[in-house]
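Q: Those sequence lines, one after another, are chains A and Y.
Counting from 6, one number per residue, gives the positions in the first sequence under the numbering used here.
Counting from 6, one number per residue, gives the positions in the second sequence under the numbering used here.
Hints should not be assumed to be uniformly reliable.
[To be verified] SDA-like cross-link-like pairs, simulated, lysine to any residue; straight-line CA separation at most 25 Å:
1. A:Lys188 with Y:Gln244
2. A:Lys133 with Y:Met346
3. Y:Lys419 with A:Arg56
4. Y:Lys384 with A:Thr191
5. Y:Lys401 with A:Val152
6. Y:Lys440 with A:Arg56
7. Y:Lys94 with Y:Ser164
8. A:Lys188 with Y:Leu405
9. Y:Lys94 with A:Asn17
10. A:Lys188 with Y:Lys384
11. Y:Lys325 with Y:Lys384
12. Y:Lys401 with A:Gly189
13. Y:Lys401 with A:Asp264
14. Y:Lys440 with A:Met273
15. Y:Lys419 with A:Glu46
16. Y:Lys384 with A:Asp264
17. A:Lys204 with A:Asp264
18. A:Lys19 with Y:Lys401
19. Y:Lys401 with A:Met273
Derived from the structure by calculation, the hints contain no laboratory data.
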Amino acid sequence: MRVTQTMLTQTNLKHLSSSYNTLARVQEQLISGKRIQKASEDPVVAMQGIRYRTEVREVDQFRRNVSEATSWMDLTDSTLNEVTEAVKRIRELTTQAANDTYESSQRAIIKSEVDQLIEHIGSLANSKAGEKYIYNGTKTDQPLINVDQLKAYLANPAGSVDSIYESGTAPATSGEIEFEVSKGITVQVNMQPETVFGKELFEGLHKLTTLLNDPTTAGADLSAELDTLDTLGQNLITERAELGARANRLELVDNRLQDHEIIAKTIMSDNEDIDVEKVIMELKSHETVHRAALSAGARIIQPTLLDFLR
Amino acid sequence: MGSTFMGLETARRSLSTHQWALQATGNNVANASNPGYSRQRLTLGMTEQLSVNFGGTKAGQFGTGVRGETLARIRDLMIDQQYRDESVKNAFYATKEAAFGRMEDIINEPSENGLAKSLDLFWASLQDLSVNPDDTGARSVVRQRALTLAQTFNYMSSSLTKVQDDLKTEAGVVTKKINDLLTKISDVNRQIGDAEPLGVLPNELYDERDRYMDELSQYIEFERVPVDYTNGETRGNSQRVAEGRIDIRVVVGGTEVKLVDGLTGGVGKFDGMTMTDAAGTNTSMTHADMPNGKWKALVEMYGSATGPEAIDGAFTNMLKDLDEMANVFASAFNVAHGTNMDADGNAGRTDFFVGTTSAATITVNPDFMKNLDLIAASKDGNIGDGSGALELAQLKESALNFAGSVTTSTSIGKYYQNVIGNMAVEASQNANLAKSTFALLSSSDQRRLSVSAVSLDEEMTMMIQYQHAYNAAARNITAVDEMLDKIINGMGVVGR
């Protein structure tokens with residue numbers, strides 16, 4: 006084949022330009038840390054990249070939901086603990102008062118302490134997580150118990166238990182609050198008021214305080230109330246156990262999410278991030294080729310026969 | 006015996022022929038960097054021979070010198086044809102590659118600011134709202150993220166439309182260039198037709214015509230059909246190697262359309278989807294029988310939805326897919342939103358997103374911009390219930406019925422992945438084809454250069470050869486001169 010100067014120049018230009026293209030690609034990879042800049046460079050990486058990124062963001066969001074749920078449940082648990090303690094103290098006081106040697110003035114002192122404890126339970130029922138009342142179903146913007154009404158109810162032996170609730174009736178079925186903690190998996194975070202602060206609790210306590218107030222009450226009458234208090238206490242423990250089980254489940258979900266987060270991020274990184282050592286090696290080898298092309302061009306294009314003619 | 010001055014005439018012919026040969030060489034050197042230039046050679050031929058009788062039966066034929074026969078360009082028309090075939094293909098794929106590149110820039114996936122990210126952020130804000138339905142902050146984030154999602158659709162749609170318009174404009178420019186080149190080729194054709202009968206080879210005109218055809222070969226696929234001397238006849242004193250006038254013909258759906266008619270000098274017109282031949286007959290094209298090349302690539306990329314160019318162009322399809330995604334998702338969202346209760350316990354409105362029919366117009370209802378309470382996150386009407394928001398969030402995962410470039414029932418995220426995947430595969434195929442056709446194009450260009458390009462070393466050698474021949478001829482004249490001097494001035498003076 007006949008080779009001319011124009012061909013040499015063109016070949017050189019073509020190879021230099023393709024060499025620059027390769028170097029530019031490697032440079033972009035090194036600077037961005039990503040294997041591809043455009044979807045067409047590797048369609049599979051691009052498609053999966055979208056999916057993996059979504060997955061990472063989803064896991065991130067679910068972990069946020071879990072942490073919200075955990076703080077809600079922690080608060081629920083601590084208030085339920087206080088309620089249990091209060092009921093326990095009331096039981097102690099009742100046992101004390103059931104002693105027939107106690108006179109009415111002494112019982113009155115006990116009653117006032119019991120009343121204080123009941124009011125405390127009432128205020129615990131109005132606990133708030135942030136701006137949310139946690140024991141009023143989905144009506145998180147309203148308190149469950151009207152504390153003033155509760156006081157009036159305790160003072161009035163003929164009072165109706167419905168009156169102490171802000172809504173005017175004892176809660177029957179109130180809304181469950183559920184958070185999504187994994188794709189399609191929801192966990193109920195609230196304890197419904199009918200199970201923990203239902204009318205049984207307040208009616209039982211109301212009966213007790215009325216008995217304590219009544220001078221004709223015999224010790225045996227009060228002893229009979231101990232059973233009611235035991236039932237109430239037992240109920241609270243059952244509810245706390247239920248809550249504990251849920252918290253446990255949440256913890257497992259959280260652990261799994263943590264693992265998932267690491268896996269998702271690893272997969273995402275494997276898919277789209279560069280292997281730096283490999284790319285640097287690639288850069289080195291392309292650099293060598295590029296330098297060779299430049300020096301070959303300089304050597305071949307420059308001289309012509311003219312240089313050697315006298 | 007020959008004439009006394011025969012030697013002088015022979016040497017004179019040599020002097021002048023070599024001067025012309027050197028002139029041709031000089032012209033080659035001068036045009037060494039001229040891209041469309043084919044090197045020229047003066048072919049030398051002997052002048053009439055002279056029979057000389059040496060006496061008896063001995064005789065010899067003496068040459069009487071040299072003359073230039075033809076000054077022809079050195080070119081292989083077959084390689085030209087190969088070059089133009091590759092040029093058509095390369096222009097087609099390279100144009101598509103470039104257009105897909107602009108599409109990818111706009112779509113910008115995978116990245117931290119594409120549509121997928123906006124969708125994920127919107128989903129996350131709904132999740133946050135489901136956890137904190139009473140929080141006005143969470144509500145306002147939902148609203149802003151919804152707006153971002155809508156604006157991402159708007160931005161992508163308007164940018165794609167802009168590029169689509171640019172491509173259409175470019176196709177128009179290409180049409181103009183095609184017509185311009187056809188006129189130029191026809192002009193050169195006429196000049197060639199005028200010059201050849203005089204017995205000359207209009208090399209510059211041949212080169213010029215080939216340059217125009219090279220340029221034309223980027224835009225459309227055509228056939229170069231010579232129309233003179235097809236049966237060995239001559240026109241006037243035209244030389245055997247004369248190329249003659251040519252037709253430029255384009256095949257559309259099996260019929261040949263003469264865009265340049267060499268014999269009549271007529272020029273046709275290439276006008277979008279219609280071609281007018283040199284005689285003025287119109288032939289309309291459909292997508293299936295468009296000539297290959299840059300023009301076809303541009304039409305395939307912008308492919309408008311209506312009109313004679315009604316084909317599924319890549320940009321048309323992408324816009325259709327975006328419209329479909331915006332419409333299906335926003336409509337499903339609106340319906341789901343309507344089944345919820347807002348913060349004031351009223352039934353949710355079914356117009357959270359408005360202008361849903363197109364990705365270009367979708368936005369968040371301005372009423373929601375004024376009143377955050379309208380966002381319906383609750384199922385039972387109480388503020389603390391976030392299950393409605395959760396349902397809205399889960400819409401991202403639920404199967405919706407899409408009928409864009411593919412009809413399928415899948416989640417919006419998967420559908421989008423599909424769209425991106427299809428685009429990426431098509432773009433990478435075009436990029437690969439552009440690369441391989443470019444390799445073929447440059448290899449045929451190399452072969453062409455190998456035949457036609459000027460080699461300086463070669464010219465230098467020829468120059469030396471011609472120069473020495475010229476010098477030798479001059480010396481010959483001197484020799485004859487001295488010979489004649491001897492005869493004329495030196496003879497018959499014995500004893501003077």
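Q: Could you run down the list of hints and mark each one as holding or not?
A: The hints, checked one at a time:
1. With a C-alpha separation of about 84 Å, the suggested pair A:Lys188 and Y:Gln244 falls outside the 25 Å cut-off, and the hint is violated.
2. Between A:Lys133 and Y:Met346 the alpha-carbon distance is near 24 Å, which keeps this suggested pair within the 25 Å criterion.
3. For the proposed pair Y:Lys419 and A:Arg56, the alpha carbon gap of about 8 Å is at most 25 Å, so the pair holds.
4. Of the supplied pair hints, the one linking Y:Lys384 and A:Thr191 holds, its CA atoms being roughly 16 Å apart against a limit of 25 Å.
5. As the CA atoms of Y:Lys401 and A:Val152 are separated by approximately 44 Å, the hinted pair breaks the 25 Å bound.
6. Note on Y:Lys440 and A:Arg56: the hinted pairing is violated, with a Cα-Cα distance of about 30 Å set against a maximum of 25 Å.
7. Using a Cα cut-off of 25 Å, the hinted pair Y:Lys94 and Y:Ser164 is violated, with the two alpha carbons roughly 28 Å apart.
8. Distance restraint check for A:Lys188 and Y:Leu405: the Cα-Cα separation of roughly 18 Å lies within the 25 Å cut-off, and the hinted pair is therefore satisfied.
9. The hinted pair formed by Y:Lys94 and A:Asn17 meets the criterion: a straight-line CA distance of about 24 Å does not exceed 25 Å.
10. For the given pair, A:Lys188 sits about 20 Å from Y:Lys384 by alpha-carbon distance, which is consistent with the 25 Å threshold.
11. A distance of roughly 34 Å separates the Cα atoms of Y:Lys325 and Y:Lys384; the hinted pair therefore is violated under the 25 Å criterion.
12. Between Y:Lys401 and A:Gly189, the direct Cα distance comes to roughly 12 Å. Compliance with the 25 Å bound is thereby established for this hinted pair.
13. Taking the CA atoms of Y:Lys401 and A:Asp264, the gap is near 24 Å; set against the 25 Å cutoff, the hint holds.
14. A distance of roughly 30 Å separates the Cα atoms of Y:Lys440 and A:Met273; the hinted pair therefore is violated under the 25 Å criterion.
15. For the hint linking Y:Lys419 to A:Glu46, the alpha-carbon distance of about 20 Å falls within 25 Å, and the restraint holds.
16. In summary, the hint linking Y:Lys384 to A:Asp264 is not supported, as the alpha carbons are separated by about 33 Å, beyond the 25 Å threshold.
17. For a cut-off of 25 Å, the pair hint linking A:Lys204 to A:Asp264 is broken: about 44 Å separates their Cα positions.
18. For the given pair, A:Lys19 sits about 49 Å from Y:Lys401 by alpha-carbon distance, which is inconsistent with the 25 Å threshold.
19. Note on Y:Lys401 and A:Met273: the hinted pairing holds, with a Cα-Cα distance of about 20 Å set against a maximum of 25 Å.
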